[in-house]
Each structure stands twice: as C-alpha cells, then as structure tokens.
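Engineer: Each chain is listed here by its residues.
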Amino acid sequence: MQADREQLLDQLLLGYEVEQFYGREAELLDSRQFDAWLDLLADDIRYWMPLATNQEAGNWDREHSREGQDLNWFDEGKFELEQRVKQIQTGLHWAEEPVSRTTHMFSNLQVEPRDDGHIEAATRFLVYRNRTNVETDFYVGKRRDHLRRDQGGALKISRREILLDQHVLLAKNLTTFF
Amino acid sequence: MRIESPRRYTGDLVNLGQGLISRDIFTAPDIYDDELERVFARSWLFVGHESQVPNNEDYILSRTGEESVIFNRDRNGKLHVFLNNCRHRGMRVCRYDKGNSRKFMCPFHAWTYSDQGELIAVPKLDTGYHNELDRSKWGLIEARVYSYRGYVFACWDAETPDFETYLGDLRFYFDDYCELPDGSYGEWEAFGGILKWQMPCNWKFGAENFAGDFYHNPSHASVDQVILSPAGTKGRHTYDGVTKQRDAWKLNIAVTPQGHTSRGQLFKDDYDYMPTYREMAVVENYFRDCYAKRQAKLGEKARWFGHGGTIFPNVSYSNGVQSMGTWHPSGPHQTETWRIFLAPKAAPDEVKAVLRHYVIRYQGPAGLTEQDDMENWGSSHQGARGTIARRHDFHYGMGQGHEQEGWPADWLGGEVHATEDVSEQNQRAYFTRWAADMDRPPTADRIHPPTNAAEAAE
Numbered sequence: 001m002q003a004d005r006e007q008l009l010d011q012l013l014l015g016y017e018v019e020q021f022y023g024r025e026a027e028l029l030d031s032r033q034f035d036a037w038l039d040l041l042a043d044d045i046r047y048w049m050p051l052a053t054n055q056e057a058g059n060w061d062r063e064h065s066r067e068g069q070d071l072n073w074f075d076e077g078k079f080e081l082e083q084r085v086k087q088i089q090t091g092l093h094w095a096e097e098p099v100s101r102t103t104h105m106f107s108n109l110q111v112e113p114r115d116d117g118h119i120e121a122a123t124r125f126l127v128y129r130n131r132t133n134v135e136t137d138f139y140v141g142k143r144r145d146h147l148r149r150d151q152g153g154a155l156k157i158s159r160r161e162i163l164l165d166q167h168v169l170l171a172k173n174l175t176t177f178f
Numbered sequence: 001m002r003i004e005s006p007r008r009y010t011g012d013l014v015n016l017g018q019g020l021i022s023r024d025i026f027t028a029p030d031i032y033d034d035e036l037e038r039v040f041a042r043s044w045l046f047v048g049h050e051s052q053v054p055n056n057e058d059y060i061l062s063r064t065g066e067e068s069v070i071f072n073r074d075r076n077g078k079l080h081v082f083l084n085n086c087r088h089r090g091m092r093v094c095r096y097d098k099g100n101s102r103k104f105m106c107p108f109h110a111w112t113y114s115d116q117g118e119l120i121a122v123p124k125l126d127t128g129y130h131n132e133l134d135r136s137k138w139g140l141i142e143a144r145v146y147s148y149r150g151y152v153f154a155c156w157d158a159e160t161p162d163f164e165t166y167l168g169d170l171r172f173y174f175d176d177y178c179e180l181p182d183g184s185y186g187e188w189e190a191f192g193g194i195l196k197w198q199m200p201c202n203w204k205f206g207a208e209n210f211a212g213d214f215y216h217n218p219s220h221a222s223v224d225q226v227i228l229s230p231a232g233t234k235g236r237h238t239y240d241g242v243t244k245q246r247d248a249w250k251l252n253i254a255v256t257p258q259g260h261t262s263r264g265q266l267f268k269d270d271y272d273y274m275p276t277y278r279e280m281a282v283v284e285n286y287f288r289d290c291y292a293k294r295q296a297k298l299g300e301k302a303r304w305f306g307h308g309g310t311i312f313p314n315v316s317y318s319n320g321v322q323s324m325g326t327w328h329p330s331g332p333h334q335t336e337t338w339r340i341f342l343a344p345k346a347a348p349d350e351v352k353a354v355l356r357h358y359v360i361r362y363q364g365p366a367g368l369t370e371q372d373d374m375e376n377w378g379s380s381h382q383g384a385r386g387t388i389a390r391r392h393d394f395h396y397g398m399g400q401g402h403e404q405e406g407w408p409a410d411w412l413g414g415e416v417h418a419t420e421d422v423s424e425q426n427q428r429a430y431f432t433r434w435a436a437d438m439d440r441p442p443t444a445d446r447i448h449p450p451t452n453a454a455e456a457a458e
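Protein sequence lines, in the order shown, are assigned to chains A and B.
Residue numbers in the first sequence follow this note's numbering, run continuously in steps of one, and reach 178 at the last position.
Residue numbers in the second sequence follow this note's numbering, run continuously in steps of one, and reach 458 at the last position.
Be aware that one or more of the hints could be misleading.
[As the list claims (entries may be wrong)] Heads up, simulated DSS-like pairs for lysine-lysine below, C-alpha to C-alpha not over 27 Å straight-line:
#1 Lys98(B) - Lys142(A)
#2 Lys244(B) - Lys268(B)
#3 Lys78(A) - Lys98(B)
#4 Lys98(B) - Lys86(A)
#5 Lys268(B) - Lys86(A)
#6 Lys86(A) - Lys156(A)
#7 Lys268(B) - Lys78(A)
Hints are computed from structural coordinates only; laboratory data are not their basis.
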C-alpha cells in the first residue's frame, strides 16, 4: 500500500514538473522569446508533424503520412528550427512581420517514465494565432513528446510528434511553433 | 453594380495594349463563375502523377476546378479521371483520399460503379425501377485523360485540342522539367502525401506569380539571410552558389498564344560541375555524375537551367524541388493549393532524403519561401477589393515592347519570347490567353439525353 502511494506520489511530482515545464515553454513562445525556447530543445530533437488523410475503416493506421519517407508539414531538427527563428528575427519575414499574437494552451497531460530514462509526455494542444487585423487561426491536435534530463537535471525535449487534426490545412501558413 | 456591363475582357478588363488589368478579374463573383465554365471546363488540368497510382486498381482523389475527381488506374492498367459524383443524387462515391478498389459505392442509395466507371449495381433495379433503367447510360462522368511523361492531365471539353497541341512550344521547357537530373527520361516517383492548404486569395495570384515574377525577390529577403539550401550555404536555392558564379541570361519565356510560361537561366558557356553537397558524399557523387551525363547528352542545350513556370491555367511546375502545385479555385476569394513533390525513382535513398527535407522547408505552408509569397497574394487580394481601389487598374507594363524572339539562342525559338531579368511579359501572355477564353461564351449546357462524357466525346 505504502509502495503504491510512493509510486503515485512520484508520478504526481513528475506530472507537476512536466506541467510546469510546458507552462514555461508556452510562456516563452507566446512572449516571443524564441532563443530561450530553442534552449528547451535537445540538440538531437526530431520535430515532426505529419499530414492527416481520410482513410477507410481498417486502414486507420495509414491516417498519417509516414515518418522518414513521406511528405510532412514538418520534419526537422534543431538546426532547421533555429533557421526559422532567425528568419522571424530578420524583421523581413513578411508572413510574420508584423509578428503574430499567439496563445499556446495544452491539456490532458499524461506522463510515463521509461526505463531508458526518457519520459513520454502526451498532451492535447490548442494554439490560437491572430495577426494584423482580423487574421485568426486555430490549430488543434495531439502532441507526443519524449523528454530527457540534461546533465544538470533540466528537462529537454528530444522528440516532438505533432498530430494536427486537419486534412486540408485551414490556415494559410505554419509560421508558429507547436 | 459598376457601369461596365456586359463584361469584355480582351482590350477592356485585360487592357494589355496599355499594360493594364482591372482588379475586378481577381475579385468579382460573376467573373469567377464565368471562369469555372470558360477556363476550367475547357482546359487541360493537372490531376496527378502516375506514380501516385502505381498499381492496378489504385486511386487517389484529385480536383478539377471546384469539383472532386477520382484519378485511378483500372484493373487493366488504364488511367481514368471520373467526376466523384453519383449520377443519381450527386453524393461523392469515393470519400477516401487514397486507396485500392475495384468499385466505388455511393453511400446514399448504394449505386455502385466499377473502377472503369460502369454503373454495375443499382439496388431494387427490378422492384423499384422495373428494369427500365439503362445502366449503360448512367456510368460515372468521365474526362479525357492524357499522361505526358507520367504527369497526368484531364479535360472536360471534347473541342479542346489534344494535350500536346495544347502544350504548344512549352514542350521544350516542360520536357526539361520532366528530364531526370542526368538529362534522360525515366521514372520520377511522388513522395507519399499531398500538401493541401487554403489561401485567402484568388487562384490566379499564385498562377501568375509562378508564371514568372523575378521582380518579387524583395519578398524573400528574410529567407536569403538564413540557411535553407541543402548545400548548407545561405540562400534558398540549391543552385544559388552555382548560378551566381556563372555568366548567364536570366530569362522569362512566354509561350503564345497558349499562355504557358517558363523561367530559367541560359548559361553563356559550357561550365563544369560545381561542388554543391560537400558534406554528403553520396549526394554529391549522384549529382556530379548526373551533371556530366546531362552535359554529354544534351550538348549546348544543357546550358538551359529551368526554374519552373505555369501551365495555363492553374498548375505551376518547379524545377529543383520537382513540384507540381495546383491552384484550385474555391470561390473568388479563396484558393485551395495542392502540391506534390517527386524524386528520381532510382536515386539513392540519401538523395531522396535530402530532397524530401529540402522541398517541404522551401514550398508549402511551412516553407520558408512560400510563406512570404502567400502574405503577398493575400494582401494583394484584399487590395483588389476596395470600392475606390477597384477603379484603378493594376500595372502590367514592365518590359512591354522589349520582348525578343528566338534570343539569345535560336533553339529557344518558336513562338517563344525572352526578356532578360525582370519583366511582366509572362503575366501578359498568361492573361492574354485568359482573356481570350473569357471572351468566348460557353457552349455546353445540360446534356440530353444523359450520356457519359466519354461516350459523348467519341
């Protein structure tokens, strides 16, 4: 009984830590501290958002485009994400100049520590984006992360899988981070 | 209601004698309605690449104009394009983006069609229809189909000339696009998936931009300051490092009267391969080897370095990223863009991986380059809508009167014009063709007695 309770407390503490981590991450993105956001990413991060298609019953496993061989909305690492940040920071990236107002929300957090030391963290996300006058987009979906601790014990995102619940992208672009 | 009515296009709304085009052609709902009938229902429209339906009975959904179509390869290997529309009440008979099937059943009343378009099953044919329905007259509505080197086009008008006539002198440039990097014709393979996204602008903004707008380079100032090219150097093109160090003419190629266009560079000499992928030996060796083969095969014509262009009315081809981007009309103020990317089927996996990563970072809604294009088009569209703004035409006169024919190389000849560097020649050719189509009233009406379009065409 006591052991169960300790395990549950460990889980609770981990969940709280991850929730606080995601809260900080959202704060950095929404306050446009993109360089600080990049620091939350492991150097070998894989940042991946597949396409979603309409598939018949029995083929639901084919709903999303395949990693490593098909087209995706995003399939990149830290270097590529750094280039996106730099592009916004030029002040000449007209799709983000003037810059978007964003609010990143997450919920339904589930954390699962794995034996090799990484933590699997699943959430739902809702990203609201508004820019210029009336341009408004909602991006809603699922996020599945792998987190791991660096040498100082800080959490870093080593893998992010983003499942956007749209077949035809309803926004004209994907200039925000998820 | 504005004073000019009925509409006249050539010489009026498209007044290229003075280098002017009315903003209304991008925004007026009645003009848009006419386009669906007078442009889209008459033209050869790109529907997909053969590698998207590699096996018999494979299908994908595609579009012609606003309408959903099934692009499939039937049980005997023949390609078809059917309107995805039940003959009984119009429901979509195929609701999956991709699959493999011998039949398409409408979920409404279960009319069922074969992969060859025949109506093969009608529930209660005996008790309900008393066997008085002639199923042979009620197959899926089928378009004319033509596969040009694997790129598949469809047309709904029996009067439209065959595809190769329609393509006209774009053939040299589209052939260049269809060639593998080694200058031979062989198999391209589309990566799985189609980028599909909505843009808040008229469909013609993308089409005319890709037709040839070297002038819009300032839009891409930001991407040129970061590293996008897989060569690992600043700039957005793989070839930036190459072309900047060579003497070349930068050319806009307009094919008249068809209205197709091309952009590219013509090198002034035969140059050696320049190392581009230093960090990736397999990729470097592949492209070095291809380059040498292309030089040997094409000789002087290997000096042509195509960038892309637009095939009238709504598909833009891009060399380098090897994409086909289709600007599907979705109302006067909305476009649904679909884009596929291809790689040489026989290329090493390393080459395909580099291309795949590069192309989705270049084009599409997550593409560092196209993001800024869409900002332009959306804002231009808004700028075409204002009551006061609409009184003032857009300027399309750049370089008018300075076009040259059969220059700088006579083998670029035919009805092909070339202008060095920036010019709106290509847009003028595109809209001249568009206006000519728009001035021609439609002939098609309700079809009686009901037949399949394919039968009517025979």
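Engineer: So, for every hint listed, does it hold in this structure?
Structural biologist: Status of each hint after checking the structure:
{"no.": "1", "hint": "Lys98(B) - Lys142(A)", "verdict": "holds (23 Å)"}
{"no.": "2", "hint": "Lys244(B) - Lys268(B)", "verdict": "holds (13 Å)"}
{"no.": "3", "hint": "Lys78(A) - Lys98(B)", "verdict": "violated (33 Å)"}
{"no.": "4", "hint": "Lys98(B) - Lys86(A)", "verdict": "violated (38 Å)"}
{"no.": "5", "hint": "Lys268(B) - Lys86(A)", "verdict": "violated (36 Å)"}
{"no.": "6", "hint": "Lys86(A) - Lys156(A)", "verdict": "holds (21 Å)"}
{"no.": "7", "hint": "Lys268(B) - Lys78(A)", "verdict": "violated (40 Å)"}
In summary, the numbered hints that this structure violates are 3, 4, 5 and 7.
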